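Novice: Chains as they are written, first to last, in our numbering: chain A, 1 to 291; chain B, 1001 to 1291; chain C, 2001 to 2291; chain D, 3001 to 3291.
Hints listed in this document are in silico derivations from the structure and should not be mistaken for laboratory results.
Since the model is a prediction, treat every value here as computed from it, not as a measurement.
Treat each hint with caution, since some may be false.
No farther apart than 25 Å at their CA atoms in a straight line, the calculated lysine to any residue pairs in the SDA-like style are these [as the list claims (entries may be wrong)]:
(1) Lys2286(C) <-> Leu3123(D)
(2) Lys3210(D) <-> Pro2084(C)
(3) Lys1092(B) <-> Glu3085(D)
(4) Lys1030(B) <-> Glu1060(B)
(5) Lys2210(C) <-> Glu3083(D)
(6) Lys207(A) <-> Met247(A)
(7) Lys1092(B) <-> Pro3084(D)
(8) Lys2110(C) <-> Met3247(D)
(9) Lys285(A) <-> Ala1114(B)
(10) Lys2092(C) <-> Val264(A)
(11) Lys2092(C) <-> Arg3266(D)
(12) Lys2103(C) <-> Arg2063(C)
(13) Lys290(A) <-> Arg1108(B)
(14) Lys2092(C) <-> Leu90(A)
(15) Lys2290(C) <-> Pro3122(D)
(16) Lys1092(B) <-> Val264(A)
(17) Lys3286(D) <-> Thr2106(C)
(18) Lys2286(C) <-> Gly3156(D)
(19) Lys207(A) <-> Glu52(A)
(20) Lys1092(B) <-> Met247(A)
(21) Lys2285(C) <-> Glu3117(D)
(22) Lys2210(C) <-> Pro3084(D)
(23) Lys1290(B) <-> Glu117(A)
There are 4 protein chains.
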Amino acid sequence: MCWAHSPPALFIADGDTVITETIDANGFDKDGIARCSGPNPMNGPIFVEGAEPGDALMAEIIRMTPIRATGWTRQVLAANVVEPERVRDLPKRERTDWIIDIKASTVRLKEPVAGLEHLVLPLDPMIGCFGVAPSLGQASSTATSAENGGNMDYRGFRPGTKVYLPVAVPGALFFLGDCHAIQGDGEIVGTGVETAMEVEVRLSLRKGQKPNWPRGEDAASIFTVGNARPLEQALQHATTEMFDWLMDAYGLSAVAASHLLGQVVRYEIGNVFDPAYTIVCKIEKKWLPKI
Amino acid sequence: MCWAHSPPALFIADGDTVITETIDANGFDKDGIARCSGPNPMNGPIFVEGAEPGDALMAEIIRMTPIRATGWTRQVLAANVVEPERVRDLPKRERTDWIIDIKASTVRLKEPVAGLEHLVLPLDPMIGCFGVAPSLGQASSTATSAENGGNMDYRGFRPGTKVYLPVAVPGALFFLGDCHAIQGDGEIVGTGVETAMEVEVRLSLRKGQKPNWPRGEDAASIFTVGNARPLEQALQHATTEMFDWLMDAYGLSAVAASHLLGQVVRYEIGNVFDPAYTIVCKIEKKWLPKI
Amino acid sequence: MCWAHSPPALFIADGDTVITETIDANGFDKDGIARCSGPNPMNGPIFVEGAEPGDALMAEIIRMTPIRATGWTRQVLAANVVEPERVRDLPKRERTDWIIDIKASTVRLKEPVAGLEHLVLPLDPMIGCFGVAPSLGQASSTATSAENGGNMDYRGFRPGTKVYLPVAVPGALFFLGDCHAIQGDGEIVGTGVETAMEVEVRLSLRKGQKPNWPRGEDAASIFTVGNARPLEQALQHATTEMFDWLMDAYGLSAVAASHLLGQVVRYEIGNVFDPAYTIVCKIEKKWLPKI
Amino acid sequence: MCWAHSPPALFIADGDTVITETIDANGFDKDGIARCSGPNPMNGPIFVEGAEPGDALMAEIIRMTPIRATGWTRQVLAANVVEPERVRDLPKRERTDWIIDIKASTVRLKEPVAGLEHLVLPLDPMIGCFGVAPSLGQASSTATSAENGGNMDYRGFRPGTKVYLPVAVPGALFFLGDCHAIQGDGEIVGTGVETAMEVEVRLSLRKGQKPNWPRGEDAASIFTVGNARPLEQALQHATTEMFDWLMDAYGLSAVAASHLLGQVVRYEIGNVFDPAYTIVCKIEKKWLPKI
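Full structure from sequences and hints, please.
Specialist: This is the structure:
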């Protein structure tokens, strides 16, 4: 963790676009050189001029380009995602290398693994960890997440997605890092395919529109994010935030919002590995009232 | 609950197809006549000749046709899916009627609700509750679920899906009911659109192939089902069952199965309302080793 | 599990005292002879004349006398009570024998264990599993517990304690078994010192006084019992039941009951091992309003 | 929260005793004057000369003397400790004043409450929040707790108790505050009787003896503390820490430590209200092997 309490690394204006090169979750850069001790060293913080507590910071993920031909994962399921008495059967958690073929836009194991010889996965870049400074002078580990974002490890944080973060300090102090070439739901081996990327992100203010928890949208859907343990609580935060969004921005009553959520809501699991788990509550835009 | 400890309602042979008319979760039939007190009265049990403990019963959901033009839902989010201090803000949980238009294949609110005047949902039938008799002479409420299935309220239990259930008693004693015209993830208002349906299901044995937890497949994916509280435990059961499936049937090592799950697994939430929650662990067939 | 759906083994009148010999959790009797397959075979059911749904059945535990000079335990912590990544370090869960010295009223390991050579524990008998038939025709495993009692494994269920159980079926159908010579909080090795006992219990009706969850009292305290997963939910049930008790029987307002609970409540953990965990909510009688 | 990232307020030597006046959880001092905005303003940090990462800091709570004749509580159960559907029935959470009679050593409600007219509680002072600086440059809210201590709200942190904290930064940076005149288990109204106290504490180093989680002892028992959500995880941390303590310091094998824990362990609930819950795992000293 490099960023906490650092002075801002960059000052930008509302609406500026930033292009930055991330290093991987262990602190290795595009050339495989150790630049920082892990876990999850971040780029930033970025001070956005005019950002004040009470605002939302909109982060548009415009582009993510891998800048290294290799990534790595842990190679065994995390102990907390299998039945407790079965943990004894798990091998130790070593590290495995993967090949990222940027031209072909694919990801595959570096060394052959029996049964997976033909496994070629699509490159599907996502930002594992990003957010703004928390409230009250807190400085959280970039291993965890909370109202301000952080290590959410949700594969929906990919190019084309906009995220609305609650600004708690002047300048917002945006940070990002921990990019993955691909990752399944839950980050259940404790990693995605960890690598270095060039990330292009536009940061804009929505004055006075601070959400309680991160909100987001892509072309098809709007979504909210709850970060907490256990999963029930993450789901409660995400659902309550969406409930409020439907009532406040779309003018629905509690009953109408419940009808809509009850029959069309989708949940996705960001991670069940980090100190705070992440659940996403999602509604397709086609079901929303016109506003 | 009508079915427990009843003598079998029907005896069939391995591979037979059954067509049955379900009543709704409150016990009302296709004509709106109360036939049974709820919750979740079931059709069955069906005794499958030759079924023995240690077998899997494969239930293929072939067809689900609504046989009533109305359904109903609860109209407010369940208290356990919102932040605890926000429960005070929820209205009381009344009942709302919906129109099921079988020709148009749509579902909509019967009375207009502000902001949802134009909400017309697709008919997307699913079986809320089905399974086989549990082990040890237990008789569970059809409000809950366990290794033997039960009230899982997962919207993936729709026509085209095959489910493999663990046979624990001679004849398996299959039951089903609680059909929904549509339902969001989590059944977070405590219901889908509850109605009566004609269901066509084929029941076949897979001798000696008893899973620990329900397994299933549709055209695109294989999946496993964990039923428990809290969500973490449901996820552990589903993940462990898939882990075992990948190792036993597809010949993967623990490490290879972890690699595959880690980067391509998808989780879906059946319900977070019933006494036991339901989480589904899913892998697209295109990623599986050939066997 | 021997008792489910058995016809009553005994019919008694309201207020009768029963003396019965239990067998251990694996079904072995006082002479070490296998009498029944485990887990947790029960004595009963006992039909109490006049018991009707809506009543409370008061079970007074009058006496518990070990009738075997040996007991046994599992010898390693259960996997779910240690940090998940540490489960790998646990040895396999074998069985260990203990000596129960009835004259000396002590319990000690049969074979010497390094560091525990001088460990002599007091005999502190408790009933691991007891209750009444559940509602709705359910038949639960005696491995678990619910509103009707069951496998609660709470060391406070000892001689001198009265328990009030919710009658759900005519005759109540009381059962008991699974006696322990001693047990720590949580039953964290999965057992107490399992043995056979002679138990004397008086069963009386409190007409129309059905609680939602088991209530109890001993000389010093009143208490309520919640049985559920996770621990939070067990605690919610126990706390809500005590809250209701203070308001209904002691005439306190919600605020007054909160004041009292907030400053004097004690929680105890019955078990964190069984399918449903058990938490006890307790208040010393000296703090209660006079009624 | 006043203390985070402040320069040390005091430098002391290993073994020095400190006497300090705390303010209440809302920042009001002994004279009822607002000195700091809440929640949970702390005294400190105190830099202990010679403290290095890898050490344990032993904090002996020598004396706690109320310095204000009034305290306050919230007056309604927290929403998360009652059954979710019952939260609707709870009144709003207002504040209530209490009288602290230092001479009589009692605590009672300031205004009469029906049914509690005669409730006079013993003064039983405890420190709600104390600890050392966390690792990795984190700065946590004093509303929560973790490996380094923090807002544990355990009533066992009273005069006569010694606590061993894991030093993560040079000087340890000890802090304390949030004193309660009395508090039930779980802090289930969200407060104890919040007041200002004079606290006398001795701080000493145990070089190289850093625990993973706080350890403690009083005259009768040793104990370990787990701080996390949900309760299961707090219990896992506390149990694992005690398991390690028994093996490392008392020379027990995993099996011997399990035997001892299984039959004599006691669990206590610190709080089920704060962001991280607190569970204490306790063993009476009389059961420990001699070392």
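Novice: None of the hints should be skipped; say for each whether it holds.
Specialist: Hints, verified against the model:
1. Lys2286(C) <-> Leu3123(D): holds (16 Å)
2. Lys3210(D) <-> Pro2084(C): Judged against 25 Å, a Cα distance of about 21 Å means the pair holds.
3. Lys1092(B) <-> Glu3085(D): holds (10 Å)
4. Lys1030(B) <-> Glu1060(B): holds (23 Å)
5. Lys2210(C) <-> Glu3083(D): Since the Cα atoms of Lys2210(C) and Glu3083(D) sit roughly 18 Å apart, the hinted pair holds (cutoff 25 Å).
6. Lys207(A) <-> Met247(A): Satisfied, since the Cα-Cα distance of roughly 19 Å is no more than 25 Å.
7. Lys1092(B) <-> Pro3084(D): Given pair Lys1092(B), Pro3084(D) holds - Cα atoms ~13 Å apart, limit 25 Å.
8. Lys2110(C) <-> Met3247(D): Within the cut-off at roughly 21 Å; holds.
9. Lys285(A) <-> Ala1114(B): holds (18 Å)
10. Lys2092(C) <-> Val264(A): Outside the cut-off at roughly 46 Å; violated.
11. Lys2092(C) <-> Arg3266(D): It holds: about 24 Å lies between the C-alpha atoms, which stays within 25 Å.
12. Lys2103(C) <-> Arg2063(C): OK: Lys2103(C) and Arg2063(C) at ~15 Å, within 25 Å.
13. Lys290(A) <-> Arg1108(B): The hint holds at about 17 Å.
14. Lys2092(C) <-> Leu90(A): holds (14 Å)
15. Lys2290(C) <-> Pro3122(D): The given pair, whose Cα atoms are some 19 Å apart, holds under the 25 Å limit.
16. Lys1092(B) <-> Val264(A): holds (21 Å)
17. Lys3286(D) <-> Thr2106(C): Distance of about 15 Å is within 25 Å: holds.
18. Lys2286(C) <-> Gly3156(D): holds (21 Å)
19. Lys207(A) <-> Glu52(A): holds (8 Å)
20. Lys1092(B) <-> Met247(A): Answer holds: Lys1092(B) to Met247(A) is near 17 Å, not above 25 Å.
21. Lys2285(C) <-> Glu3117(D): Holds: Lys2285(C) and Glu3117(D) sit about 16 Å apart, inside 25 Å.
22. Lys2210(C) <-> Pro3084(D): holds (21 Å)
23. Lys1290(B) <-> Glu117(A): holds (11 Å)
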